[in-house]
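Protein chains: 2
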Amino acid sequence: MSKPQALIFDVFGTVVDWRSGVAAEAGRFLAGKGIDLDPFAFADAWRGEYQPTMERVRSGGRGYVALDILHRENLDLVLERFGLSGLFSDEEKAEFNRAWEKLPPWPDSAPGLTRLKQDFLIAPCSNGSLALMARLAKFGSLPWDAILGADIARNYKPQPEVYLASCQALQLAPREVMMVAAHPSDLDAAKACGLQTAFVPRPLEYGSSHGSDTQGEHHVGMNRREEWDAAAGTIEILAEILMT
Amino acid sequence: MSKPQALIFDVFGTVVDWRSGVAAEAGRFLAGKGIDLDPFAFADAWRGEYQPTMERVRSGGRGYVALDILHRENLDLVLERFGLSGLFSDEEKAEFNRAWEKLPPWPDSAPGLTRLKQDFLIAPCSNGSLALMARLAKFGSLPWDAILGADIARNYKPQPEVYLASCQALQLAPREVMMVAAHPSDLDAAKACGLQTAFVPRPLEYGSSHGSDTQGEHHVGMNRREEWDAAAGTIEILAEILMT
Numbered sequence: 016m017s018k019p020q021a022l023i024f025d026v027f028g029t030v031v032d033w034r035s036g037v038a039a040e041a042g043r044f045l046a047g048k049g050i051d052l053d054p055f056a057f058a059d060a061w062r063g064e065y066q067p068t069m070e071r072v073r074s075g076g077r078g079y080v081a082l083d084i085l086h087r088e089n090l091d092l093v094l095e096r097f098g099l100s101g102l103f104s105d106e107e108k109a110e111f112n113r114a115w116e117k118l119p120p121w122p123d124s125a126p127g128l129t130r131l132k133q134d135f136l137i138a139p140c141s142n143g144s145l146a147l148m149a150r151l152a153k154f155g156s157l158p159w160d161a162i163l164g165a166d167i168a169r170n171y172k173p174q175p176e177v178y179l180a181s182c183q184a185l186q187l188a189p190r191e192v193m194m195v196a197a198h199p200s201d202l203d204a205a206k207a208c209g210l211q212t213a214f215v216p217r218p219l220e221y222g223s224s225h226g227s228d229t230q231g232e233h234h235v236g237m238n239r240r241e242e243w244d245a246a247a248g249t250i251e252i253l254a255e256i257l258m259t
Numbered sequence: 016m017s018k019p020q021a022l023i024f025d026v027f028g029t030v031v032d033w034r035s036g037v038a039a040e041a042g043r044f045l046a047g048k049g050i051d052l053d054p055f056a057f058a059d060a061w062r063g064e065y066q067p068t069m070e071r072v073r074s075g076g077r078g079y080v081a082l083d084i085l086h087r088e089n090l091d092l093v094l095e096r097f098g099l100s101g102l103f104s105d106e107e108k109a110e111f112n113r114a115w116e117k118l119p120p121w122p123d124s125a126p127g128l129t130r131l132k133q134d135f136l137i138a139p140c141s142n143g144s145l146a147l148m149a150r151l152a153k154f155g156s157l158p159w160d161a162i163l164g165a166d167i168a169r170n171y172k173p174q175p176e177v178y179l180a181s182c183q184a185l186q187l188a189p190r191e192v193m194m195v196a197a198h199p200s201d202l203d204a205a206k207a208c209g210l211q212t213a214f215v216p217r218p219l220e221y222g223s224s225h226g227s228d229t230q231g232e233h234h235v236g237m238n239r240r241e242e243w244d245a246a247a248g249t250i251e252i253l254a255e256i257l258m259t
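Just so you know, the protein sequences line up as chains A and B, in that order.
Here the first sequence is numbered in the working numbering, starting from 16 and rising by one per residue.
Here the second sequence is numbered in the working numbering, starting from 16 and rising by one per residue.
Among the hints, erroneous ones may be present.
No copy is singled out in the list; a pair is fine if it fits within one copy or between any two copies.
Said to hold, decoys possible - Derived pair list, reagent style DSBU-like, types lysine-lysine, alpha-carbon separation capped at 35 Å:
id: 1; residue 1: LYS108; residue 2: LYS206
id: 2; residue 1: LYS153; residue 2: LYS48
id: 3; residue 1: LYS48; residue 2: LYS108
id: 4; residue 1: LYS153; residue 2: LYS108
id: 5; residue 1: LYS132; residue 2: LYS153
id: 6; residue 1: LYS48; residue 2: LYS117
id: 7; residue 1: LYS18; residue 2: LYS48
id: 8; residue 1: LYS108; residue 2: LYS18
id: 9; residue 1: LYS206; residue 2: LYS153
id: 10; residue 1: LYS206; residue 2: LYS18
id: 11; residue 1: LYS18; residue 2: LYS153
Source of the hints: derived by calculation from the structure; they are not laboratory data.
Based on the sequences and whatever the hints tell you, model everything.
Following this line, the structure appears as structure tokens:
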């Protein structure tokens with residue numbers, strides 16, 4: 016491993032706990048209408064539409080649209096599935112959609128990034144839009160140097176152009192950039208583009224019920240840890256590894 | 016004036032003192048070769064090529080290239096003009112070109128931005144590239160939320176698409192965004208796109224010799240202060256005005 020110049024990060028799951036954040040907002044909105052529904056089930060259903068809708072963009076079936084718009088469309092789908100469509104006005108649904116701007120970072124994220132920022136350029140390389148990433152960073156005090164990812168590439172990970180456009184925007188070669196993610200598939204795609212890779216397992220991404228699931232991505236990633244340039248239990252530990 | 020959601024900033028001259036920074040690096044490089052030349056004259060000559068080279072891109076005579084490349088080409092031009100071309104290797108010239116990544120912020124910039132960041136999204140809307148802006152922010156501890164401007168629009172200010180693409184990236188309407196600049200022409204172009212405007216005069220941008228020049232942009236801007244939504248002597252004062 017040669018020391019990278021920049022570290023770029025997956026965000027949903029790797030830097031922030033999207034499931035708790037979306038469930039908290041869903042709980043608030045559902046309770047406000049007197050609806051008795053498990054907010055985590057709602058969060059999981061909403062997130063469940065994430066890959067299929069992006070896939071239409073990746074495959075060229077639909078031009079690039081920001082993830083915020085896909086989230087908003089998927090909110091309609093999920094509300095309809097739960098029989099709740101008529102209960103929310105358009106303004107309320109727009110506000111509900113902002114749940115994705117209010118996702119708590121994992122406890123090590125902000126301190127780890129703050130430390131890494133001393134030595135490296137750090138930026139999200141997420142499928143979230145620049146607008147969403149900027150608001151999420153403000154919410155969680157994430158000290159990014161810039162915002163890269165889907166919006167600047169106008170496509171979605173794991174399409175290679177998202178990683179390559181992110182390196183190019185920093186005027187760095189792929190080998191000078193390290194992708195950090197909790198998902199092996201994200202690291203595989205980055206590695207295929209020539210980036211360095213760091214794995215940070217997030218066993219609680221899908222809640223504690225998955226904590227003992229040995230088929231989870233955190234297990235897969237750890238079992239494959241020889242394939243990544245670095246692997247660390249938290250972003251703070253990653254900073255220790257890279258900065259010593 | 017309705018309260019904006021985001022403030023976007025001109026950088027060269029408005030946030031950082033490009034002339035002192037470039038002169039400091041030029042002085043170091045010239046002295047290293049035993050060349051006796053006023054580093055401020057060198058800085059002014061280098062910056063003098065800035066508008067003409069960008070104009071070729073704006074007019075469509077050349078596709079978009081990042082400002083770093085234009086700076087590098089202009090360095091060749093200026094070295095040649097001073098009869099110094101043969102004295103620097105390509106590696107030295109690449110390093111010399113990084114002078115633009117080491118520009119000191121005006122004393123009020125980092126504290127003013129840090130304060131503004133509490134209430135607003137803040138981002139550069141500069142002709143500098145994302146890579147240059149990210150490195151400059153690190154050098155001067157400028158706490159941007161995102162980096163907007165020429166690179167994301169793939170054109171140069173004052174072309175309207177640079178301001179409009181910056182608003183769009185934040186998913187805000189132009190009226191929700193305020194452009195902050197020391198140059199009336201930049202504010203005129205932003206205003207024509209529907210953005211709010213704030214003028215921050217920088218009488219020392221071209222050195223103290225221009226301090227008594229009543230034709231300078233800082234005088235023009237102050238004389239036209241009724242035309243801007245806000246005018247403030249420093250970014251810290253701008254924060255006081257907008258946050259009370």
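Checked hints:
1. For the homomeric pair LYS108 and LYS206, the shortest alpha-carbon distance between copies (32 Å) is at most 35 Å, but the shortest distance inside one copy (38 Å) is not.
2. When the C-alpha separation of LYS153 and LYS48 is checked against a cutoff of 35 Å, the pair qualifies only within one copy, where the shortest distance is 29 Å, while the shortest distance between copies is 46 Å.
3. In the homo-oligomer, the alpha carbons of LYS48 and LYS108 lie at most 35 Å apart inside one protomer (13 Å), although the nearest pairing across protomers, at 65 Å, exceeds that limit.
4. For the identical chains of this complex, LYS153 and LYS108 are intra-copy neighbours only, at 22 Å inside a copy versus 38 Å across copies, given an alpha-carbon limit of 35 Å.
5. In this homomeric assembly, LYS132 and LYS153 come within 35 Å of each other (Cα to Cα) both inside a single copy, at 16 Å, and across copies, at 9 Å.
6. With identical chains, the CA atoms of LYS48 and LYS117 are at most 35 Å apart within one copy only, with a shortest distance of 20 Å there and 55 Å across copies.
7. With identical chains, the CA atoms of LYS18 and LYS48 are at most 35 Å apart between copies only, with a shortest distance of 31 Å across copies and 52 Å within one.
8. With identical chains, the CA atoms of LYS108 and LYS18 are at most 35 Å apart between copies only, with a shortest distance of 24 Å across copies and 45 Å within one.
9. For a Cα distance limit of 35 Å, the shortest separation of LYS206 from LYS153 qualifies both inside one copy, at 30 Å, and across copies, at 27 Å.
10. With identical chains, the CA atoms of LYS206 and LYS18 are at most 35 Å apart within one copy only, with a shortest distance of 16 Å there and 45 Å across copies.
11. Taking CA atoms no more than 35 Å apart as the test, LYS18 paired with LYS153 passes in both settings, with 29 Å inside one copy and 18 Å between copies.
Hint compliance for this structure: every hint is met.
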